[in-house]
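Novice: In terms of our numbering, the sequence shown opens at residue 107 and continues consecutively.
Simulated from the structure, these hints should not be mistaken for laboratory data.
Everything numeric in this text was worked out from a predicted model, so none of it was measured.
Just so it is clear, CB atoms sit at the ideal spot from N, CA and C, and this is done for glycine as well.
Certain hints may be false.
SDA-like, lysine to any residue: derived pairs with alpha carbons at most 20 Å apart [to be verified]: (1) Lys175 to Glu164; (2) Lys360 to Asp529; (3) Lys109 to Asp230.
Pair ranges (Cβ atoms, derived) [claimed, not checked]: (4) Ser852 to Ala172: 20 to 30 Å; (5) Asp356 to Ala311: 18 to 28 Å; (6) Gly560 to Gln424: 54 to 64 Å; (7) Arg659 to Gly539: 43 to 53 Å; (8) Pro297 to Gln569: 50 to 60 Å; (9) Tyr240 to Glu669: 43 to 53 Å; (10) Glu287 to Arg392: 49 to 59 Å.
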Amino acid sequence: MAKNLLIVESPAKAKTINKYLGSDFHVLASYGHVRDLVPKEGAVDTAHGFAMRYDLIERNERHVDAIAKAARSADALYLATDPDREGEAISWHVAEILKERGLLEGKHLYRVVFSEITPRAIKDAVAHPRQISYDLVNAQQARRALDYLVGFNLSPVLWRKVQRGLSAGRVQSPALRMIVEREEEIEAFVPREYWSVDADCQHPAQPFGARLVKLDNEKFQQFTITDGETAESARRRLLAAASGVLAVTDVDSKQRKRRPAAPFITSTLQQEASRKLGFTTSRTMRVAQKLYEGVALGDEGTVGLITYMRTDSVSLSQEAVAELRDVIARDFGTQAVPDQPNVYQTKSKNAQEAHEGIRPTSALRTPGSVAKYLDADGLKLYELIWKRTVASQMVPATLNTVSVELACSAEHAFRATGTTVVDPGFLAVYEEGKDQKGAEDDEQGRKLPQLKPGDRIPLGAIQIAQHFTEPPPRYSEASLVKALEEYGIGRPSTYASIIQVLQNREYVFLDNRRFKPSDVGRAVAKFLSGHFSQYVDYDFTAHLEDELDAVSRGEEEWVPLLERFWKPFKSTVDEKIETVDKSEATGARELGTDPKSGKPVSVRLGRFGPFAQIGTKEDEEKPAFASLRPGQSMHTLTLEEALDLFLLPRTLGEDKGEPVTVGIGRFGPFAKRGSTYASLTKEDDPYTVDLARALFLIEEKEEIARNRIIKSFDGSTMQVLNGRFGPYISDGEKNGKIPKDREPASLTLAECQQILEETGKPVRRFGRKAATRKAAAKKAPAKKAAKKVATKKAAKKAATKKAARKTGTRKNVAEPAAPLAPEDLPF
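Whenever a hint applies, use it, and build me the whole structure from the sequences.
Specialist: As structure tokens, then:
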């Protein structure tokens with residue numbers, strides 16, 4: 107039996123490290139977080155020093171039991187979870203669980219930290235352990251408490267004032283505000299017309315273009331010309347003044363140095379992977395996790411290929427830099443190696459999340475040398491990291507920029523510019539991506555012919571072009587991460603989850619890889635900005651992050667921090683519950699008057715989404731309602747568009763003596779004849795679909811219904827039916843699977859009854875309210891409560907065995923479990 111027990115977070119990491127440490131160590135995985143706040147109100151006791159009630163995460167109970175079992179016989183326990191605040195908290199939780207079970211008495215407890223999974227790093231970490239950092243643990247506890255308090259108190263306000271089922275998060279809400287404010291900027295944007303004027307210069311050696319910079323002795327600016335007539339007049343004037351020739355008046359040539367970008371941190375890796383590889387932030391982190399935890403490299407065994415990928419530090423170890431310089435000299439020549447190593451300063455004042463930037467664990471492992479061991483995503487991301495790291499330690503690129511002034515008489519002038527690479531330096535390996543191209547990018551690589559003052563250049567033509575200013579672009583994943591980082595909202599490990607939560611809640615969606623807020627998302631953001639402005643304020647959120655960082659450094663106590671936050675926050679919540687009007691909270695807008703009825707037409711957010719309404723609840727007649735069409739927004743809907751919504755239901759004609767209509771119901775658009783409803787497909791527009799198409803869908807639906815019954819039995823509700831997933835048996839109360847070796851039509855009534863008795867499952871009833879089930883549960887006899895206690899352990903044991911069997915059949919183990927976020931908890 108191994109004397110030492112070492113705990114990591116993931117099973118992949120445990121397997122790799124076990125090989126490095128040998129028989130003296132037994133390495134087990136916690137599978138991520140092991141405890142979290144109990145998922146109900148009161149988990150953070152605000153009246154008693156913010157005491158936190160933790161409970162085991164059920165899906166990880168068996169892993170905790172395995173750790174406890176191994177700890178009984180171990181002499182020493184090494185906690186080797188990830189080198190960040192979350193990892194520190196997981197180590198503390200494991201230690202607390204073992205302490206509660208009396209398994210730490212007389213044993214040594216160590217905390218070990220490493221930022222790469224290589225034999226050298228692991229053995230060095232084990233040889234130099236430390237104690238658990240309670241500053242880091244308390245910072246993480248404070249963060250979790252804040253997230254819980256915001257989630258459990260703001261979400262019920264949203265339920266009552268906006269829409270049932272909504273939730274709010276401490277860092278997700280400011281991120282949502284960013285996306286919504288950008289959308290409002292786009293909607294409010296008024297484009298301005300402007301015209302550009304360019305000259306086609308026909309130099310004998312090489313034609314080139316030049317842009318107008320002076321017109322009528324005035325500097326030519328973006329809005330100097332704002333209409334076509336003025337542009338054409340200017341073009342004719344310039345042509346007349348030039349008389350077919352432009353004169354070179356000045357040539358300015360400058361050399362400049364361009365330094366390489368720093369090694370990756372979490373945010374820059376996510377941005378570059380989005381720009382260059384098209385990866386989402388979650389995909390980037392998932393692939394990076396695999397590269398960090400280890401890849402089997404043939405005879406070399408399993409090795410971690412990159413350092414820890416959750417970091418805001420750009421520094422590199424001396425050993426890594428020395429190896430990088432050797433690789434650069436070998437592959438790109440000694441002239442590509444700077445005299446002194448390049449040093450980069452970390453922007454974050456709290457860059458303690460890991461010791462280094464994201465780099466290859468060995469620069470000697472080129473992308474080509476490991477390509478056969480990696481899948482496509484792994485190779486792409488590893489190559490990106492390898493190139494960025496190598497380039498960071500290379501000499502700057504030397505660029506030559508030439509600017510040429512060309513006179514068109516004394517009153518007008520054009521300018522041509524070009525930039526060429528004199529010495530590529532680091533550009534031979536890597537160039538940082540950009541969200542948008544600028545003028546410098548257009549000039550990059552453009553060569554101009556040899557020119558000198560006095561040269562006369564033949565003028566081919568003068569081109570005029572109409573343009574319109576464009577609104578600011580919607581956020582991409584890359585630009586949103588960059589903005590979150592610049593504002594100080596969240597931390598490296600949270601960017602991917604922030605974005606994922608907003609999408610999961612359907613507060614935002616991607617449109618051409620750009621984030622667009624949904625109507626629900628806009629309603630939430632507007633409500634929070636209007637009534638809880640302080641708590642979605644960018645500066646406030648960033649300041650709170652800074653305070654949490656101060657706790658992690660031991661400069662501030664966590665309980666006073668929570669007290670300063672909680673009292674005014676709770677007071678605001680209580681006030682808004684009483685005072686905020688719901689119609690204002692849902693963003694209701696009056697669009698105008700219905701010309702037929704003279705009643706007001708409005709749009710608002712309802713239980714099932716945005717809808718238009720004619721009339722008010724105060725009218726004698728019930729108001730008319732119509733759901734918005736896909737792609738429509740309650741924030742941009744016009745009166746005309748709203749009135750068009752009330753054209754449904756449409757009567758298309760008659761068939762078989764029955765009217766054929768088209769409408770939109772709770773589950774989408776449909777065609778109807780008699781009692782038959784047939785859903786329209788995504789390609790069908792209920793406002794334009796014709797009678798023939800509607801009848802086709804209805805007949806198709808009736809044909810399916812006619813063929814649904816394979817066999818029925820007189821005097822019995824039992825039937826053999828065709829279902830979506832194949833034939834099955836049903837008596838209306840239970841459904842049962844048909845054995846694979848039986849022909850469905852050959853089954854007898856007795857056989858069907860036996861199948862339902864042995865394997866039948868209750869028919870799922872859609873639309874039942876939870877309240878009904880709760881009421882039924884309350885009526886259960888009191889003795890059931892006692893039986894529940896007695897069977898709880900047995901049920902958990904059975905669930906654990908089932909989970910174990912399921913896990914055992916999987917080829918790949920999932921990523922370590924994430925902590926339960928407040929928005930994921932049942933309220």
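Novice: Taking the beta carbons of Asp356 and Ala311, is their distance inside 18 to 28 Å?
Specialist: holds, 19 Å
Novice: Between Gly560 and Gln424, does the C-beta distance stay in 54 to 64 Å?
Specialist: At 56 Å between Cβs, range holds.
Novice: Return holds or violated for the Cβ distance of Arg659 and Gly539 against the range 43 to 53 Å.
Specialist: violated, 34 Å
Novice: Against the 20 Å threshold, does the CA-CA distance of Lys175 and Glu164 hold or violate the hint?
Specialist: holds, 17 Å
Novice: Assuming the hint says 43 to 53 Å, is it satisfied by the Cβ distance from Tyr240 to Glu669 or not?
Specialist: violated, 19 Å
Novice: Check whether the Cα positions of Lys360 and Asp529 lie no farther apart than 20 Å.
Specialist: holds, 14 Å
Novice: If I claimed the Cβ atoms of Glu287 and Arg392 lie 49 to 59 Å apart, would that claim hold in this structure?
Specialist: violated, 30 Å
Novice: Lying within 50 to 60 Å: is that true of the beta-carbon distance Pro297 to Gln569?
Specialist: violated, 22 Å
Novice: Go ahead and decide if the range 20 to 30 Å is satisfied by the Cβ distance of Ser852 to Ala172.
Specialist: This hint is violated: roughly 49 Å between Cβ atoms.
Novice: CA of Lys109 to CA of Asp230, is that 20 Å or under?
Specialist: Cα-Cα ~18 Å, so holds.
Consistency with the previously given hints fails for numbers 4, 7, 8, 9 and 10, ordered from lowest to highest.
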